[in-house]
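Participant: Single-letter residue listing:
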Amino acid sequence: MTSKRHPSLRPTSLRATSLRPTSLRSTSLSTSLRSTALRSTLRLVALVLALLTPTWVSAQSPAEGANAARQGAPEGTEALAMRLRARHVRDLPRPETLRDPADLARLRWLAEHHRWLVVRTRALLLLAHDPSPDTRTLVLRVLDSTAPAIVRAAALRATEAWALDAMLRTRLERAAREGDPRLAEPARLRLSAASTTDATHPSAADSTHPSAADPADSINPSPTD
Amino acid sequence: MQERLALTLLVLIASGGGNVACDGGNGDGPAPLPDAGPLSCPASAPTLGTAGEVTTESFPLTFDETGVAAVDVVVPEDLTSLALVADDGLEFTAFWRVAQDGRIWIDLETDPDGLRTPFFHTWNHSASVIFPIHETSSLAPGCLRIEALSDGAGVGATLHVLARRRAEGGTLRVDLVQVGATELPGATLDALALELETVVDATGLPIAIEVATASVDGDPFPRAEGDIALALRGSYRPADPNRVPIYVIQGFRDELDTLGIAGGIPGANGVPGAASAGVIVAVDAHLTEDGEVDVLLMAETTAHELGHQLGLFHTSEAEGLDHDPLGDTPECDADRDSDGDGTVSAEECEERGGRNLMFWVSGDFSQRELSPWQRRVLALSPVVR
Chain E
83 MTSKRHPSLR PTSLRATSLR PTSLRSTSLS TSLRSTALRS TLRLVALVLA
133 LLTPTWVSAQ SPAEGANAAR QGAPEGTEAL AMRLRARHVR DLPRPETLRD
183 PADLARLRWL AEHHRWLVVR TRALLLLAHD PSPDTRTLVL RVLDSTAPAI
233 VRAAALRATE AWALDAMLRT RLERAAREGD PRLAEPARLR LSAASTTDAT
283 HPSAADSTHP SAADPADSIN PSPTD
Chain X
138 MQERLALTLL VLIASGGGNV ACDGGNGDGP APLPDAGPLS CPASAPTLGT
188 AGEVTTESFP LTFDETGVAA VDVVVPEDLT SLALVADDGL EFTAFWRVAQ
238 DGRIWIDLET DPDGLRTPFF HTWNHSASVI FPIHETSSLA PGCLRIEALS
288 DGAGVGATLH VLARRRAEGG TLRVDLVQVG ATELPGATLD ALALELETVV
338 DATGLPIAIE VATASVDGDP FPRAEGDIAL ALRGSYRPAD PNRVPIYVIQ
388 GFRDELDTLG IAGGIPGANG VPGAASAGVI VAVDAHLTED GEVDVLLMAE
438 TTAHELGHQL GLFHTSEAEG LDHDPLGDTP ECDADRDSDG DGTVSAEECE
488 ERGGRNLMFW VSGDFSQREL SPWQRRVLAL SPVVR
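Top to bottom, those sequences are chains E and X.
Converting from the first sequence to the working numbering requires adding 82 to each position, the first position being numbered 1.
Converting from the second sequence to the working numbering requires adding 137 to each position, the first position being numbered 1.
No wet-lab data here; the hints were simulated from the structure.
Just to be clear, a hint being listed does not mean it is correct.
[To be verified] Partner residues are not named here, just some residues of chain E that face chain X (Cβ under 8 angstroms, in silico): (1) Ala161; (2) Met164; (3) Ala168; (4) Asp173; (5) Arg176; (6) Leu180; (7) Leu199; (8) Val200; (9) Ala235; (10) Gly261; (11) Pro263; (12) Arg264.
[To be verified] Label pairs and their calculated CB-CB ranges: (13) X/Asp377 - E/Gln153: 45 to 55 angstroms; (14) E/Glu242 - X/Pro197: 42 to 52 angstroms; (15) E/Glu242 - X/Thr192: 49 to 59 angstroms; (16) E/Thr278 - X/Thr192: 57 to 67 angstroms; (17) E/Asp216 - X/Pro249: 44 to 54 angstroms; (18) E/Asp182 - X/Phe502: 23 to 33 angstroms.
In this text, all values refer to a predicted model and were calculated from it rather than measured experimentally.
Ideal Cβ placement from N, Cα and C applies to all residues, glycine included.
Let's have the full structure, built from the sequences with the hints guiding it.
Facilitator: So, in structure tokens, the structure goes:
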């Protein structure tokens with residue numbers, strides 16, 4: 083029953099999220115609570131390891147501010163990296179506030195070099211709004227790399243506003259064959275939409291980017307550290 | 138400002154996001170709650186709970202022609218905390234009004250967007266509230282009228298009432314639930330469980346924590362928004378309903394960079410299968426450059442989201458303008474923004490809450506501090522038994 087007396091209070095704009103996938107509610111359950119004895123043993127082992135290798139703690143701690151101070155990082159990169167470590171997506175900087183060339187250079191550095199892949203991912207998502215050749219080169223390089231799927235998926239998102247030229251199509255076709263849905267789904271969607279467009283507007287097929295040569299061709303294809 | 142906060146809150150709650158901007162703040166003290174008129178319960182109204190125990194009771198929600206379902210209960214003298222959950226499957230629900238004699242705790246009519254401290258209550262899937270959520274929100278003995286709304290048909294809608302009639306303390310039981318084929322490169326669920334226990338222990342909580350592991354079938358790449366994530370929360374129903382599930386997924390299909398989300402502030406705890414029951418954390422968002430999981434980072438994310446799930450807000454929000462409703466948490470104001478980037482970092486706020494587990498951003502140091510009242514809110518949770 084809806085709130086007839088107070089229609090303005092109903093979250094009608096959000097109702098699309100309220101469908102009832104009843105079949106999913108009976109998802110089979112295979113609980114396997116494991117013994118606390120095992121975990122007690124693991125805890126003991128962890129404690130012993132921690133005592134034997136005291137540097138392990140600092141190496142694994144979130145203290146990695148020196149990360150951004152690696153050679154080659156543009157000045158101010160560390161401060162931007164800290165903002166990209168927000169616990170929640172809503173607290174990230176907005177693309178429109180990061181259009182300064184210096185910020186874009188910092189984002190490009192973070193997209194390839196930050197220790198945490200979530201920071202690389204966020205940097206790439208923000209770079210989706212930058213059409214510069216430098217960013218294009220970087221994004222293609224990441225797409226061609228062996229970086230974990232989360233990073234390459236972010237790079238794929240960074241191409242969404244690009245014209246679908248031959249070099250991008252090659253990457254999309256490769257991504258479409260990936261097992262990870264974060265890569266495969268958007269790639270297939272883009273290719274599918276393009277084929278529909280191609281069928282109705284043949285001249286639009288394989289429009290070539292002004293820089294016909296693939297900038298990634300001349301660059302080390304494995305940029306990850 | 139308030140409109141933006143309202144939109145943020147509504148969107149985040151819709152996505153099951155346990156991250157809510159907070160207005161008010163402990164510097165000014167909680168905003169006064171409006172007075173209510175005289176309120177008395179019918180003689181048939183049940184007295185909540187059992188002396189010396191923590192109990193869960195359920196009441197059918199029967200909606201009248203205006204769409205409101207009312208339940209009257211009596212708060213006993215020895216009640217120390219209370220959680221309410223309005224569950225209507227995957228539908229949005231909300232508490233239209235929660236009132237006692239002389240006091241209105243929640244009033245959606247005058248606060249439809251949930252901007253009023255200390256509850257910031259608005260629509261959610263399986264909407265939940267807890268008492269106390271700050272220093273002066275303990276319920277008084279006497280009649281309590283609970284009025285709920287549902288955006289759905291309301292058939293089978295239920296009000297769950299978790300009543301604690303004993304002092305704080307006990308054990309918080311958490312299950313790390315591996316979803317489908319989710320993998321933790323370079324780590325194990327047991328290692329994460331150990332680290333989570335370590336992080337929580339370090340906060341000085343006056344309760345024990347027990348972390349177990351489990352698994353469920355399901356999509357390791359759900360969407361952060363929509364039915365899949367909601368259904369995921371419905372997929373795990375432990376025999377002990379008071380275990381809080383932490384769903385461990387590979388990653389969110391739509392929000393690549395989301396670390397984790399809670400069901401609400403608070404979520405529906407003690408009601409297994411409810412659409413806001415449990416936290417979801419993403420493995421891939423915690424990978425390091427060597428492709429392995431940063432277990433410590435993931436444990437801190439999990440503990441942070443668990444804090445939201447049990448009723449804690451961020452001590453300070455990004456811009457240093459909004460703070461949680463608790464009076465004893467340090468506030469980091471905008472004047473601490475020494476680099477002028479518009480946000481207050483953990484480092485800029487190191488002495489003003491930057492080391493708090495519930496700070497809005499991670500820092501170059503561990504964040505395991507909790508204030509006495511943050512600890513009290515957690516320790517009083519009706520799922521701590």
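Participant: Please go over all the hints and tell whether each is borne out by the structure.
Facilitator: Hint-by-hint comparison with the structure:
{"no.": "1", "hint": "Ala161", "verdict": "holds, 5 angstroms"}
{"no.": "2", "hint": "Met164", "verdict": "holds, 5 angstroms"}
{"no.": "3", "hint": "Ala168", "verdict": "holds, 5 angstroms"}
{"no.": "4", "hint": "Asp173", "verdict": "holds, 4 angstroms"}
{"no.": "5", "hint": "Arg176", "verdict": "violated, 10 angstroms"}
{"no.": "6", "hint": "Leu180", "verdict": "violated, 10 angstroms"}
{"no.": "7", "hint": "Leu199", "verdict": "holds, 4 angstroms"}
{"no.": "8", "hint": "Val200", "verdict": "holds, 4 angstroms"}
{"no.": "9", "hint": "Ala235", "verdict": "holds, 6 angstroms"}
{"no.": "10", "hint": "Gly261", "verdict": "violated, 10 angstroms"}
{"no.": "11", "hint": "Pro263", "verdict": "holds, 5 angstroms"}
{"no.": "12", "hint": "Arg264", "verdict": "holds, 6 angstroms"}
{"no.": "13", "hint": "X/Asp377 - E/Gln153: 45 to 55 angstroms", "verdict": "holds, 53 angstroms"}
{"no.": "14", "hint": "E/Glu242 - X/Pro197: 42 to 52 angstroms", "verdict": "holds, 48 angstroms"}
{"no.": "15", "hint": "E/Glu242 - X/Thr192: 49 to 59 angstroms", "verdict": "holds, 52 angstroms"}
{"no.": "16", "hint": "E/Thr278 - X/Thr192: 57 to 67 angstroms", "verdict": "holds, 59 angstroms"}
{"no.": "17", "hint": "E/Asp216 - X/Pro249: 44 to 54 angstroms", "verdict": "holds, 47 angstroms"}
{"no.": "18", "hint": "E/Asp182 - X/Phe502: 23 to 33 angstroms", "verdict": "holds, 29 angstroms"}
Violated hints for the displayed structure, listed by number in ascending order: 5, 6, 10.
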